[in-house]
Amino acid sequence: MLRIESLEVAYGGLRALDGVSIEVAQGQFVAVVGPNGAGKTTLFRAISGTVSPAGGRISYDGHDLLALPAARRAHMGIAHVPEGRQMFPSMTVFENLEMGAYTDAGRARWRETLELVFQLFPVLQERKGQLAGTLSGGEQQMLAIGRGLASAPRLLMLDEPSMGLAPAVADTIFERIQQIHREHGITVLLVEQRVAEALESCDLGYVLETGHVVMQGTHDALIADERVKKAYLGL
Amino acid sequence: MGRRSLRRDLFAIAGIAVAFVVALLLVESAYYRLILTLVVIWATMGLAWNMLSGYGGLISFGHAAFFGLGAYTATLAMVQFDITPWLGIPMGVLVGMLAGVLIGLATFRLRGHYFALSMLAYPLAMLYVFEWLGYQEVVLPMKRENPAAYMQFSDPRVHALLGLGLMVLALLASLAVERTRFGMALLAIKQNEAAAEAAGIDTWRWKMPAIILSAGFAAAAGGLYAVVLLVVTPPTVFGVLVSAQALIVCLFGGVGILWGPVIGAAILVPLAEILHGELGHVIPGIQGVVYGVAIIVIILLAPEGIYWRLRDRFFRAAPMVPDAVPVATAEAAVTPMRSHRPLLVLEGVSRSFGGLRAVDNVSLTVEEGAIHGIIGPNGAGKTTLFNVINGFLKPNGGSIRFDGKDIVGLKPNRVCRAGVGRTFQIVRVFPRMTVLENVVSGAYVATTDDREAERLALRAIDTAGLSRAEAAQVASGLTMRQLRLLELARALAGQPKLLLLDEILAGLGHAELEEVIEAIRRVARGGTTVLIIEHTMHAMVRLAERFSVLDHGALIADGKPLDVTRDPAVIEAYLGKKWVQRAADRVA
Amino acid sequence: MLKVRLRSVLTAALAAAVLLSVVTAAPAEAQPKEVKVAVIAPLSGPWARQGQLMQMGAEMAIDEINEKGGIKALGGAKMKLILVDAGDTAEKAKNAAQRVLAQEPDLVGGTGAWLSSFTLAVTEITERAGVPMLTLSYSDAITERGFKYVFQTSPTGGTQARAALPTILEMAQKATGKKPKTVGIIMDNTAAPVSFAKPMREGGLQKLGLELVVDEVFTPPLADATALVQKVRRAKPDIMLLLPTSVPDDKLILEKFNEFKLGQGRIPLIANGAHIGSPELLKNVGPQLLEGLMFIVANWGVKGQEAIIERFVKRTGEPWITQDSMTAYGDMWILKEALERAGAADSKKVAEEIRKLDLKEGPAALAFPGGVKFEPNGRRAGAHLVIVQWQKGKAVTVYPAELAVAEPIWPKQ
Amino acid sequence: MGELGWFAIDFLQALITGLLVGGTYALMCVGLGMIFGVMRVVNFAQGDFLMLGMYAAYYVATALGVMAVLGPYVGPVMAGLLAGPAVFVVGWLLHRFLIGRVTGVAAVGAEAEGHYAQIILTLGIALVLQNGGLILFGSLPLSIPTPMSRESWEIWEFLVNQARTVSFGVAIVVALLLYAFLKRTPLGKSMRAAADNPEAALYMGIDVDRCHRTAFALGCAITAIAGGLIASTQSFQPYIGFDFVITMYAGVVLGGLGSILGAFWGGMTIGLVQQLSALMLPFQLQNTAIFVVFLLIIFFRPHGMFGRSAERT
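Each protein sequence line maps, in turn, to chains A, B, C and D.
Per the working numbering: the first sequence = residues 1 to 235.
Per the working numbering: the second sequence = residues 1 to 588.
Per the working numbering: the third sequence = residues 1 to 413.
Per the working numbering: the fourth sequence = residues 1 to 313.
Accuracy of the hints is not assured; some may be wrong.
A few chain B positions that, by computed beta-carbon distances, are all more than 12 Å from chain A [to be verified]:
#	residue
1	Met-91
2	Arg-109
3	Trp-132
4	Lys-190
5	Asn-192
6	Leu-241
7	His-340
8	Gly-348
9	Gly-477
10	Arg-481
11	Leu-508
12	Met-537
13	Asp-558
14	Tyr-574
15	Leu-575
Label-pair restraints from in silico Cβ distances [stated by the list, open to error]:
#	chain 1	residue 1	chain 2	residue 2	range
16	C	Leu-208	D	Phe-299	43 to 51 Å
17	D	Arg-301	B	Leu-356	20 to 28 Å
18	D	Arg-301	B	Trp-86	51 to 59 Å
19	A	Gln-125	B	Leu-102	53 to 61 Å
20	D	Phe-11	C	Ile-409	37 to 45 Å
21	B	Trp-86	C	Ala-163	37 to 45 Å
22	B	Ala-472	A	Glu-112	23 to 31 Å
23	A	Glu-115	D	Phe-11	53 to 61 Å
The hints are simulated quantities; they were obtained by calculation from the structure and are not laboratory data.
Since the structure is predicted, the reported quantities are computational estimates derived from the model, not experimental observations.
All residues carry an ideal CB built from backbone N, CA and C; glycine is no exception.
Generate coordinates for the entire structure from the input sequences, incorporating the hints supplied.
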């Protein structure tokens, strides 16, 4: 479904990504883990088009994604839930969701997806009319995911959904993500530095360090890997 | 920024002065001499603007207020009281400075665009008042006898030289600002006024002299302008174009650097004149079009001004390695005896916003030398509590005692100077300065001596665990780890007794996390008490020796980590069941 | 590195300027001898129109002079007009004056700079260079500085006010049978109206038995005239002096008078300045609102000037000549006469001759009714006042009788 | 009638005039407020878009014959409205080729978020527009000739200028339409989203660049319509923008930067203060009164009347 081949991104001479290749198949849950500064967010930005790669290819559903302007990519069924929630603070919760449904698919399936979002995150329904800027961090993260879902995506990209959240809230968020993947068949690409939680539920994982993929494998293989255990799971 | 050598700067100033004098002697025409005079006057005006708006980031669209007051004071003194401009201009400077104080008192509470656009109102309000007073057109009377006593020289080059003298004074003043803690304080204010305040910088104390200095030079430029022009009308000295000219020469040449306004004025003033002279009568208006297009093109090529563009392109200075390697401190430091003396005591502290109680009747004690963690769900009021402690917010009730003294109601910079340092969730550094220079800016709380400040900064850098090579790096290219350590070092350089760390571990990878944790431990071993807000629980469990848990603004648990993490209330509100399970796994 | 760059920038800029001036000046050497005179006026900025009007008048005079054989005393040397844009600030005007003197060292004289603040700044330069400047700016200050090289062809604001009011009162009495008792003033606070109104407020009105019942001053530009005209509506003065200085403000005030049912002769309106008689005002408010409006100017198309006006209209396509063009035209002729007498293209000698002029006929005297003769302070002796009235969509001279092309019509309430 | 009675009448007359004048101020402020709200750009050329609007309306009314077809009453209003689309195109192109290069994504990471470059750029554009206007349109002051500007409706003791009343009505309607557009339509909402958080908006599939361009062009157009309406009461020349840009900024700041509603009330306040101050102060100090009131309001509400005051550290 999504195939990234030897992607290279540079910021002013500094290589943020250096020959990264990642594949996500339809229906999979893929996690990309690694320390901060490894290039995880840059990877997502390259997919969404907010940074332009210096080399490499990204194909999505057989289309050359890099040839598309950034704003068109969401319309291809890619939902990017960015790091740090990125609300529309002066718009209501409901309007934020509406904005999520800006894509053609999102508009067509608006009622359906709205119901799904409210079912997953009932608190959003309660706060429908509230300005998004006044929500708590956890609620904002829920809204960010809900907003991503509202576009009726086929690929949901989540960038550090647990960042800055209390453990209990983060747990809920991870549970919901798994639910979205399992029950609704949406392909998920997750970037996390909470390696344990991320690897726990993935089909396939990649470990990214300083712009390179240093390890890749299935859930079981990675969990069992000594290096991963030592470096990331703190075991 | 402070990397340039002082001697080189002084030579450059002298060079400019000599070049100017040579140019003045070379040109025959009175016209070019007049243009040269105007170049230095507008350069001075730009420098004046730069002192407040360039270094301090308080953009002013209203510097015409000072310029105009200077011009009118000198003019009216001569017209009404026959006072020579030799006295009149200094009088104008005083009037301008006084206006600076009043305007500063009234306007400094505004921020950003609000400040900039409010400044616009002052000269315009004055403009209409002066017209109303009947000073539409005031002419400086021609003095046929003793003209020099009234600054009316038979050789107009003297005006140019006076202007040059003024500009050199302004350059020296700018240099003095740039190279001292004055400039550092202004820079900190420019970056983030709140953070500057929290870092112990009394922002009012620095903004005031900045506006006074700036207003003084603007008024002097205005006074000289009146003497050169000989006619003063409110629109020519209070008009928007005057404020705009100050801004344009500075933004065009480069903001926040003393060469900027000089470059801007040296290019723009003659350019406008040449265009006007050569094209103005051919197709009226075309000169403005060409001038506008020239400005547009150049600013698209050099959006931050010509100086910065040239410097970034051609003169990227090599990093300077700090000369001496002082004794390592971390290892050598003797772990002081823990006193268990209460350093910070909160009693019944509350703070509400509207109906919401963000901090609700919190009482806690932080022991000297401890690493004390504050945890709690998002929106529990942790950051608000920090804001109340360091003085950003006044509590609605309760008392806060630090080191035996009541600190409620103190301004943040006072709290900081009492010994409370702080870091922020969002790291803001001075991108064009080195790590060391960034850290030095934090050391000025503890000392006024530049050498001592550098010594403290280097010690803080060592404690934070940054290498000397890293210390010489420019801050704009740092990694998250380096940024966090820089922030830690900067707060540490002020020699705080208590350090408030706000989510300093957020966004760090595993190995980096370990490093920062170790740095925090070193800080504590060095005798600084640490109060830390953090979400990364597994890090916190190892780091803190005491936890306070906040939920909905209230303290729901307080004690040893092991006890707190087993507290059902805490698990319910914050940790979640999974955490317990994982913790159990880990133990197993 | 910086000082080098700065210097090179400066030198480059200056070199460019010098080069340009050399290039532009070069052809002058090749041609037969020329005598240079300047028009320093705002050609760009908000006052561009006025500068353009001056340019048209001056160019016509120069063409006529040259067609008739140039300056005879200088072997038929042609007069050459140097046009200088004074821009939109006093600083630019002063730079312009300094520039023209630097680039044209053989300049013998000029006219300018329309706005009195510009004129004040410009003459500071020309005075020191000893170049005679003619001006139509009204401000009294221009000739109160003891300058030797400035000549004010128009009556100053103060003079105009003192001379005009009795005449107007007389007209009113003749037409209506009774003398106006009350008067109102609406004016802006620019230099010309201020110097016009000053002697009237300081006892001038009292002497004429007039009571000032409305006295409103505004800072241009006006946003709305309601508050001003509301006061007039309340006080209903017998005559009203309107002293704004720009067409946009004229329009707002006149339309507001109409709206408040005070216009079209219900209150006799007396204005001041050439703008109120300009074709553009007619275009902006239409003939109906202007009908009967009288205004005082220093110079206008008067009896005897028909030929000049006809040539001007034909040449420029303007519907009639206004003060700005006529004065610039006359100024060129004054310079020509002085040059003939001086016999040398030397500015100081020309100035000396201007001081001695006493022209009663010829184009210069025709352009300035009352003749050309200057008092020691530089003011034109007996500078006549002209009263003009809008009649059927045209601004025609109605006073003094010997110059009038039409009878004044006093509105009968 | 007693002294107090006269004062009451004068006061009400000034109030009416202030509202009517304020209506068009409000509309031009809304245009500027829109640009600032969405793009955070300090646009000093806004007064010159007003000027362009005046000329556009003038030529639509006269040269294009709208006045001839629709008559001297409806014609000027129609011309004023048509100035909008004309200037919209100019704004669109300017953003496409100039403004867009120093705003939005391009400004991220620049010193002071690109504000320095924006200020100079818009000042440069202002210079080009003013002087280009002189070359293109000439220096003659013009106005749209309509009998409405010199006639009034008489309501009891009060005179209500027809042109200003109609302008006021049109201004309110245009402002309301804009408000509805931003609140109700998908495009309007996406513009608000782009204003709130450009990066997130991009992830939603919103073309942020196009939103900025639309906002800029629309802001210019709204201000131009205000100019087009004023063109039938006031005469203008190419440098007139200067007289208005300060008023506009005062209004927008007064209302609270970024708030369209605030910009509207800010403009209205300016109109009211301008007219009401003449009751107590010398007429010459009208503008001083505006700036003093401006400063007073800003001191007591440092984020304007409608600005958000929650500042996060």
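Here's how the hints hold up against the structure:
With a minimum CB-CB distance of about 50 Å to chain A, Met-91 (chain B) clears the 12 Å threshold, and the non-interface call stands. Taking the minimum C-beta to C-beta distance to chain A, about 24 Å, the non-interface status of Arg-109 (chain B) holds against the 12 Å cut. Every Cβ of chain A is farther than 12 Å from the Cβ of Trp-132 (chain B); the closest lies at roughly 42 Å, confirming the non-interface assignment. With a least CB separation of 23 Å from chain A, Lys-190 (chain B) remains clear of the 12 Å interface cut-off, as annotated.
Distance check for Asn-192 (chain B) against chain A: the nearest CB is about 18 Å away, which clears 12 Å, and the non-interface claim stands. Distance check for Leu-241 (chain B) against chain A: the nearest CB is about 36 Å away, which clears 12 Å, and the non-interface claim stands. Against chain A, the non-interface label of His-340 (chain B) holds: every CB pair exceeds 12 Å, the least being about 30 Å. No beta-carbon of chain A comes within 12 Å of the beta-carbon of Gly-348 (chain B); the shortest separation is about 25 Å.
A beta-carbon of chain A comes within 12 Å of the beta-carbon of Gly-477 (chain B); the shortest separation is about 7 Å. Distance check for Arg-481 (chain B) against chain A: the nearest CB is about 7 Å away, which does not clear 12 Å, and the non-interface claim fails. A beta-carbon of chain A is positioned within 12 Å of the beta-carbon of Leu-508 (chain B); the least distance is around 5 Å. With a least CB separation of 5 Å from chain A, Met-537 (chain B) falls inside the 12 Å interface cut-off, contrary to its annotation.
Annotated as non-interface, Asp-558 (chain B) keeps its C-beta farther than 12 Å from every C-beta of chain A; the closest such distance is 17 Å. Chain A draws Tyr-574 (chain B) into its interface by the beta-carbon criterion, the shortest separation being 5 Å against a cut-off of 12 Å. A Cβ of chain A approaches the Cβ of Leu-575 (chain B) within 12 Å, the least distance being about 5 Å, so the stated non-interface status is violated. Range check, Leu-208 (chain C) to Phe-299 (chain D): Cβ separation about 49 Å, and the 43 to 51 Å hint holds.
As the Cβ distance of Arg-301 (chain D) to Leu-356 (chain B) is approximately 21 Å, the hint placing it in 20 to 28 Å holds. As the Cβ distance of Arg-301 (chain D) to Trp-86 (chain B) is approximately 45 Å, the hint placing it in 51 to 59 Å is violated. At about 54 Å, the beta-carbon gap between Gln-125 (chain A) and Leu-102 (chain B) stays in the expected band of 53 to 61 Å. Range check, Phe-11 (chain D) to Ile-409 (chain C): about 39 Å between beta-carbon atoms, so the 37 to 45 Å window is met.
In this structure the supplied range 37 to 45 Å holds for Trp-86 (chain B) paired with Ala-163 (chain C), their Cβ-Cβ distance being about 43 Å. Hint check: Ala-472 (chain B) to Glu-112 (chain A), Cβ distance near 58 Å, so the stated range 23 to 31 Å is violated. For the pair Glu-115 (chain A) and Phe-11 (chain D), the supplied restraint of 53 to 61 Å holds, since their beta-carbon distance comes to about 58 Å.
When each numbered hint is compared with the structure, violations occur for hints 9, 10, 11, 12, 14, 15, 18 and 22.
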